[in-house]
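Going down the list, the sequences are from chains G and F. Count along the first sequence from 1, then add 4; that gives the number in our numbering. Count along the second sequence from 1, then add 4; that gives the number in our numbering.
Bear in mind the hints are in silico, worked out from the structure with no lab data behind them. Don't take every hint at face value.
One copy or any two copies: either way a pair holds, since identical chains are not told apart in the list.
Below, simulated DSS-like cross-link-like pairs (lysine-lysine); rule was C-alpha separation at most 27 Å, straight line [to be verified]:
hint	residue 1	residue 2
1	Lys191	Lys10
2	Lys191	Lys9
3	Lys303	Lys26
4	Lys26	Lys115
5	Lys115	Lys303
6	Lys191	Lys12
7	Lys248	Lys115
8	Lys303	Lys248
9	Lys303	Lys191
10	Lys115	Lys58
11	Lys89	Lys58
Number of protein chains: 2
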Amino acid sequence: MNLPKKVKIVEVGPRDGLQNEKDTISAEVKIELVNRLAAAGFPNVEAASFVSPKWVPQMATSAEVMHGITRRPGVVYSALVPNMKGFEAALEAGVDEVVIFGAASEAFSQKNINCSIAESIDRFAEVARAAKEHRKRLRAAVSCAFGCPYQGEVPLEAVADVVRRFRELGCDEIDIADTIGVATPGKVRPVMETAIREFHIEGLSGHFHDTYGQALANIYASLQTGISIYHASVAGLGGCPYAKGATGNVATEDVLYMMNGLGIETGVDLDAVVEAGQFISQQLGRRSVSRAGNAIAAKRAG
Amino acid sequence: MNLPKKVKIVEVGPRDGLQNEKDTISAEVKIELVNRLAAAGFPNVEAASFVSPKWVPQMATSAEVMHGITRRPGVVYSALVPNMKGFEAALEAGVDEVVIFGAASEAFSQKNINCSIAESIDRFAEVARAAKEHRKRLRAAVSCAFGCPYQGEVPLEAVADVVRRFRELGCDEIDIADTIGVATPGKVRPVMETAIREFHIEGLSGHFHDTYGQALANIYASLQTGISIYHASVAGLGGCPYAKGATGNVATEDVLYMMNGLGIETGVDLDAVVEAGQFISQQLGRRSVSRAGNAIAAKRAG
Numbered sequence: 005m006n007l008p009k010k011v012k013i014v015e016v017g018p019r020d021g022l023q024n025e026k027d028t029i030s031a032e033v034k035i036e037l038v039n040r041l042a043a044a045g046f047p048n049v050e051a052a053s054f055v056s057p058k059w060v061p062q063m064a065t066s067a068e069v070m071h072g073i074t075r076r077p078g079v080v081y082s083a084l085v086p087n088m089k090g091f092e093a094a095l096e097a098g099v100d101e102v103v104i105f106g107a108a109s110e111a112f113s114q115k116n117i118n119c120s121i122a123e124s125i126d127r128f129a130e131v132a133r134a135a136k137e138h139r140k141r142l143r144a145a146v147s148c149a150f151g152c153p154y155q156g157e158v159p160l161e162a163v164a165d166v167v168r169r170f171r172e173l174g175c176d177e178i179d180i181a182d183t184i185g186v187a188t189p190g191k192v193r194p195v196m197e198t199a200i201r202e203f204h205i206e207g208l209s210g211h212f213h214d215t216y217g218q219a220l221a222n223i224y225a226s227l228q229t230g231i232s233i234y235h236a237s238v239a240g241l242g243g244c245p246y247a248k249g250a251t252g253n254v255a256t257e258d259v260l261y262m263m264n265g266l267g268i269e270t271g272v273d274l275d276a277v278v279e280a281g282q283f284i285s286q287q288l289g290r291r292s293v294s295r296a297g298n299a300i301a302a303k304r305a306g
Numbered sequence: 005m006n007l008p009k010k011v012k013i014v015e016v017g018p019r020d021g022l023q024n025e026k027d028t029i030s031a032e033v034k035i036e037l038v039n040r041l042a043a044a045g046f047p048n049v050e051a052a053s054f055v056s057p058k059w060v061p062q063m064a065t066s067a068e069v070m071h072g073i074t075r076r077p078g079v080v081y082s083a084l085v086p087n088m089k090g091f092e093a094a095l096e097a098g099v100d101e102v103v104i105f106g107a108a109s110e111a112f113s114q115k116n117i118n119c120s121i122a123e124s125i126d127r128f129a130e131v132a133r134a135a136k137e138h139r140k141r142l143r144a145a146v147s148c149a150f151g152c153p154y155q156g157e158v159p160l161e162a163v164a165d166v167v168r169r170f171r172e173l174g175c176d177e178i179d180i181a182d183t184i185g186v187a188t189p190g191k192v193r194p195v196m197e198t199a200i201r202e203f204h205i206e207g208l209s210g211h212f213h214d215t216y217g218q219a220l221a222n223i224y225a226s227l228q229t230g231i232s233i234y235h236a237s238v239a240g241l242g243g244c245p246y247a248k249g250a251t252g253n254v255a256t257e258d259v260l261y262m263m264n265g266l267g268i269e270t271g272v273d274l275d276a277v278v279e280a281g282q283f284i285s286q287q288l289g290r291r292s293v294s295r296a297g298n299a300i301a302a303k304r305a306g
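Generate the whole structure from the sequences, applying the supplied hints.
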């Protein structure tokens, strides 16, 4: 049971977390959130998304956010880019890492972007070349790697295939994502081992959702396979579009509490993250869904 | 990684879950809850507590509840008993299993019941003899086995000592409890292995709290040690008296979702538990804290 001694936590709250919020969140609030998270010690903050504002209105202020933040040396600021137009906007905004995406589920790919998995990844070839040319890190997110809302089971071979395609595009990092939170720990091992056969383990990350409360157990199972990069969202920002009112991304505070307990180094200050979580929850006018965040805040309040 | 093929889930919601509720819950509602849980397939339901109503007013209706429920053949109905007076009341009410208790933390024992761990367990000798005489199952709960709100760390030797004392009293089952939810998976293995050295593994159970969101990861780590009995509380009933507003007992729905995903047999119908969770949450006028419960209910609602 040799767990990694050190992990990288990628804080995805400002982008993946906030993108589904209905009420407009001002650029100021997003800037404050990104700055707080970078100051807390995250090596990587997913801060923006250069998609069409027609698709994701909440991300319309991405350039403003990127220009407004105080850049912290050593921190990688990432943004999602769906195409060359998005890449150019990300470039102009000074993004360090661009994130492209594809599904491991054929049904999900067809339903969401109306093309096959293979086609959807091929379309990123130009973005991938441009990222290399401009020396930007290139990350790829593999959605529905553990299950799909449309087709249910996702074959391991489909995971292997999409990881291979992203490797061939020259990706530096590949995220294996449980988009709908259906994984349980017994599923984590075979999926991660499949990804590990196709890509160097140091560049693979686990992106788990807590829809059914399984995220931390899944991260623990994933640590046992040696994966050492995990995504998390402060205050558990981000719901689940496939089950209204359900939980989405795993809460960063809960992940950090576990890593601290396991003696695994993250370089992140949990107390500062709890404060950032309370800050954004207040701004959104609702309670944080992080259990550790709420417990620590409650103990502080006395 | 040989996990148990079958586990016993002890549903503790009606007792451990509800005991801290401030508003009085009618005996009718408790009876309905216990009946729904027994019908869902739990082999063991913790239904009552024969403590002084001065200490725990919510449990004052315990005899009424026990007399009012429809006894389901094969289901073990348990009740907490602090002393002989409680035992006699439990006996009269037809309880199948009596639950006694002690802490693994000396500070907790002194603070809560004003005597040493050893003294507190000695006081149960008469209850233990009476349980044997009346052929009642005898279960013991070891609180603060993973950490204490007063002394912090709890030495493994203290866990070994209290398990040994309960074994000597003739207990059939011993619960290793993370009363304040501070454990992380790396702590679970040494504590459980300590208990396993002192008591037969088939009679040991894991009682985890989700205060910091760690419960499911801890249960997964505990499954890896071979422990095959787990406590859970429908809808996550039961807060944390040491951090107001924080989460308490792990939610049964989340535990069942994991066991189902792992292919571990429980004999319990998750859908029926989700319904019982929605029922009691409506009665309490608040949202369930079970993530799986809420996600499944949300999907059902459409």
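Each hint tested on the structure:
{"no.": "1", "hint": "Lys191 with Lys10", "verdict": "both (23 Å within a copy, 18 Å between copies)"}
{"no.": "2", "hint": "Lys191 with Lys9", "verdict": "both (23 Å within a copy, 16 Å between copies)"}
{"no.": "3", "hint": "Lys303 with Lys26", "verdict": "between (31 Å within a copy, 20 Å between copies)"}
{"no.": "4", "hint": "Lys26 with Lys115", "verdict": "within (22 Å within a copy, 48 Å between copies)"}
{"no.": "5", "hint": "Lys115 with Lys303", "verdict": "between (45 Å within a copy, 19 Å between copies)"}
{"no.": "6", "hint": "Lys191 with Lys12", "verdict": "both (22 Å within a copy, 22 Å between copies)"}
{"no.": "7", "hint": "Lys248 with Lys115", "verdict": "within (19 Å within a copy, 44 Å between copies)"}
{"no.": "8", "hint": "Lys303 with Lys248", "verdict": "between (30 Å within a copy, 8 Å between copies)"}
{"no.": "9", "hint": "Lys303 with Lys191", "verdict": "between (35 Å within a copy, 22 Å between copies)"}
{"no.": "10", "hint": "Lys115 with Lys58", "verdict": "within (18 Å within a copy, 60 Å between copies)"}
{"no.": "11", "hint": "Lys89 with Lys58", "verdict": "within (14 Å within a copy, 69 Å between copies)"}
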